[in-house]
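Protein chains: 2
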Amino acid sequence: MNILYIMFDQLRFDYLSCAGHPHLHTPHIDGLAAKGVRFTRAYVQSPTCGSSRMSSYTGRYPSSHGVQFNSYPLRVGEWTMGDHLRKTGMGCHLIGKTHMVADAEGMQRLGLAPDSVIGVRQSECGFDPWVRDDGLWAEGPDGFYDQKRSPYNDYLRQQGYPGGNPWNDFANAGAEDGDIASGWFMVNADKPANIAEADSETPWLTSRAMDFIEQAEGPWCAHLSYIKPHWPYIVPAPYHDLYGPEHVLPAVRSAAEREDAHPVFKGMMNNRIGQAFSRDEVRQKVIPAYMGLIKQADDQMGRLFAWLEETGRMRDTMIVITSDHGDYLGDHWLGEKNLFHEPSIKVPLIIYDPRSLADATRGTVCDELVEAIDLLPTFLEAAGGEPAPHILEGRSLMPFLRGETPDWRGYAVAEFDYSTMPLCSSLGLEPRDARLFMIADKRWKFMHAEGGMRPMLFDLENDPDELVDLAARQTHQEVIDLMYGRLLDWGLRMSQRITLSDQQIKARRGKSGRRGILLGVYEAEEVEPELTAKCRGPVPQ
Amino acid sequence: MNILYIMFDQLRFDYLSCAGHPHLHTPHIDGLAAKGVRFTRAYVQSPTCGSSRMSSYTGRYPSSHGVQFNSYPLRVGEWTMGDHLRKTGMGCHLIGKTHMVADAEGMQRLGLAPDSVIGVRQSECGFDPWVRDDGLWAEGPDGFYDQKRSPYNDYLRQQGYPGGNPWNDFANAGAEDGDIASGWFMVNADKPANIAEADSETPWLTSRAMDFIEQAEGPWCAHLSYIKPHWPYIVPAPYHDLYGPEHVLPAVRSAAEREDAHPVFKGMMNNRIGQAFSRDEVRQKVIPAYMGLIKQADDQMGRLFAWLEETGRMRDTMIVITSDHGDYLGDHWLGEKNLFHEPSIKVPLIIYDPRSLADATRGTVCDELVEAIDLLPTFLEAAGGEPAPHILEGRSLMPFLRGETPDWRGYAVAEFDYSTMPLCSSLGLEPRDARLFMIADKRWKFMHAEGGMRPMLFDLENDPDELVDLAARQTHQEVIDLMYGRLLDWGLRMSQRITLSDQQIKARRGKSGRRGILLGVYEAEEVEPELTAKCRGPVPQ
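In order, the protein sequence lines correspond to chains A and B.
Going by our numbering, the first sequence opens with residue 1, and the numbers climb by one from there.
Going by our numbering, the second sequence opens with residue 1001, and the numbers climb by one from there.
Rather than coming from a laboratory, the hints here were simulated on the basis of the structure.
A quick note: this is a predicted structure, and the numbers were derived from the prediction, not measured.
Heads up, a few of these hints could be off.
Stretches of chain A that chain B covers, calculated by requiring three or more beta carbons in the stretch to come under 8 Å of a beta carbon on chain B [stated by the list, open to error]:
hint : stretch
1    : 109 to 123
2    : 271 to 281
3    : 453 to 459
4    : 482 to 489
5    : 510 to 521
By construction, the Cβ of each residue, glycine as well, lies at the ideal position given by its N, Cα and C atoms.
Just need the whole structure built from these sequences, with the hints factored in.
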């Protein structure tokens, strides 16, 4: 069996018709859900790309692998999906985005050449890169563009798009009176991108995935990782005007949220992004474009799935669809992500397993609390590997595909580090204090903030829109105490004893005598003669 | 300046005359204390060799580096004392014991040859090994001996001691009627080891240190790491009979300790070691030998310091004397170490800095709570390096040498993992639950046990001998709550963001615009024109 691990970027859990969106129809993704299991409570481990992805790719929480925000290098030697899967004989390949930054100092210290096979894997978060493209390109000394080549820009140039950065000038821009109307400015979100639809990012990457699959041999896992519907919000025709302001759902927010808001929440509401997404004109420009990007993505899923069906691959390919985090889109007076409300931290998750073991669960939903770090253990089980709970902090989801009801976790955890944001200094905090932790169970969502601030608490049952922060009212101390107890358990979790498995630990018990170490022995007669044979007898001459 | 970092193994904090031992006179170590600062509350981070040492050599807590018990391999790539000091131009060398086990799988995955310079450093915990000898040798398929060569055994063979394992047959044994009287059997602890005193382990390693220093160039840090006074308890003449039962201090223990003991404490009292050290005959054999080993060590310090003085090196060498943990010696019905009472977790710590900056503190004591992980930051400061608090969890002790009164930590932390001990299974625990955490401040010592057990609590002010476990009496809930709050703070500490310093984090703030990322911008006019220049202008032709 092969694994096609599809990730969209910034795709909200509820912007799919199978998840209940009233205007956005996503029949192809819905079709996969009808053949698999859709998880309704799937949480990522960080509401930002880099951390969330490094958690998904390592199966570990951000504070376990250390990539607590975007562009923090992943330490050399950290075990990745590729390392685990290759041990089973399954290749692990990348087609698209990872947000990975290599630990250049660590690699240099270990003498790892960046262009060796090992060096490339260390640089690419354990994947063998078929295509690596993070999707945002800028020219110039500080930009991304001159540091790394963009295969997508190379493609556009081959297709005849001129200039040094055709992504910037065509894929990410409309045109107005001969001038670029950049997707970086949200006022342009309703314009069609100035590019043939087939040349835009999502179809381009879908084609690259088909190229990969066509030539792939042996069991493989392919991470097909789209940049979209992530900002900049702009999409080519016809997707740019499929949706209009009439399809924009009302923002989930209340005036009361702005009163006595938690300092971190308040800081984010008041930054440029929060302020922009609090404006109706921004939402009405951006959300139809965001929906158009998702509609295009769904159409590409249709194209891909039809091709997999035609070529017989639907029968031997596990397919996963998920996202690295959501998008506030103006809910809670916020844009983007970076906090723990559901639109930001919850993601779509659909798993289709072609094997008969999953027949009983096709088309069902699972409401258990699952985490993005559960995918790697799931893939490892699917690939026939040994579980590695001394390294992997997630748990295999295979029992849910088989229709079992395992004893499951009682809460999900996520983290966020805002130390590189100006908010950290405006709150007067040092970097290590600019960290947030979420504990969510089926009833409550709790946020702890380092730096001496109060927590946040929502009652998901009676306040599913998370509009009332109960921690501001000091009415739920018992729940808060419970959550702090869980946070302590989680904080003390064993996350770094990665060089020995539990089986190895157990096998060591009581063996020191056999290795020649005799402890607490007063006289030789107290222990078995065979253990003491080497320290008895005549003095050698 | 050079650094001579001397570690004894299993040397109790109070078995030195400068620390108040009434019978054991250690004038040479006392003399170093008279020229430096002696720390009276120095805690190691684990009461067992391997974990404690890996913490000292990485400047990090056991659950940060993952070596939570003896012989857990240190993950490849972990930053070590050698890595930090070499960045400053200072070499870092090993003479003696480390208890390091290489991460062979991790090295193989990264293609690191064990015999390359990088591979050797990864295998030897970052040191360049002048001599590596862990001091305990057994022959046979499961023993240590056939896996690694012992330079000490090589030396003994050169000196004419016969047989395959002269350490076992001579250094670690007396003789009785032509038979080996092994040091592994404590009944033999009062016999002289069957070896010339000058050939025994402590003088041998002292000579190797002098060899190293004589040839060393450039600034160097040398870790002179003795195996003794660690068990097996046997010492050559004349040290074997300098002390007798009349010099054995009464065991610090009470009958009440055995009633309602914490399950982990009880399990350790009842194991073979605890039972042995509860016997008076064992203490009366072992403690005089232990004192003899320390007396020999002190004499070797005298030899070494005199030579350093003669050769002018006392003027440019910082000298540290410490231990990796203590020894219960029957106190609290326990032998060896492995719990958090003072005889086990507190160590001697003396720092002599030859520079004039330390003149004001010579011969003083410091009662602040210091940790073994503070040494690496101290050495880094002494070597002129940049502090690295994103990696190093300890703090430089240099302010105390300068006579400053820095704002200092309020509590020390230690950990212990007993998952490889039979106690783990007899308590019905899985490996990850067999973990203990200590929080000690100047008044209280607290122990948390995973696995659903109650904590332990001692009042160090009113019960300095730690005989009354207040947590068994449920009288000090407020103190226990305070300690759990500290444990939460500590559990959430940022320990893995090791690839970026705080300065690098701060330098990133507000820079995304310059890298070409424009967030929350509705119209170009909202931001500085220079940031938007690349996304305005005519469409390229």
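Going down the list of hints, with the structure as the test:
With 7 residues having a Cβ less than 8 Å from any Cβ of chain B, the stretch 109 to 123 of chain A passes the three-residue criterion, so the hint holds. For a cut-off of 8 Å, the count of residues in the stretch 271 to 281 of chain A with a CB near a CB of chain B stands at 9, and the three-residue condition holds. Given as covered by chain B, the stretch 453 to 459 of chain A fails the check, having 0 residues with a CB less than 8 Å from a CB of that chain where 3 are the minimum. Check result for the stretch 482 to 489 of chain A against chain B: holds, 3 residues qualifying (beta carbon to beta carbon below 8 Å, three or more required).
Evaluation of the coverage hint for the stretch 510 to 521 of chain A: fulfilled, as 10 residues show C-beta separations to chain B shorter than 8 Å, against a requirement of three.
Going down the numbered hints, you'll see the structure goes against just number 3.
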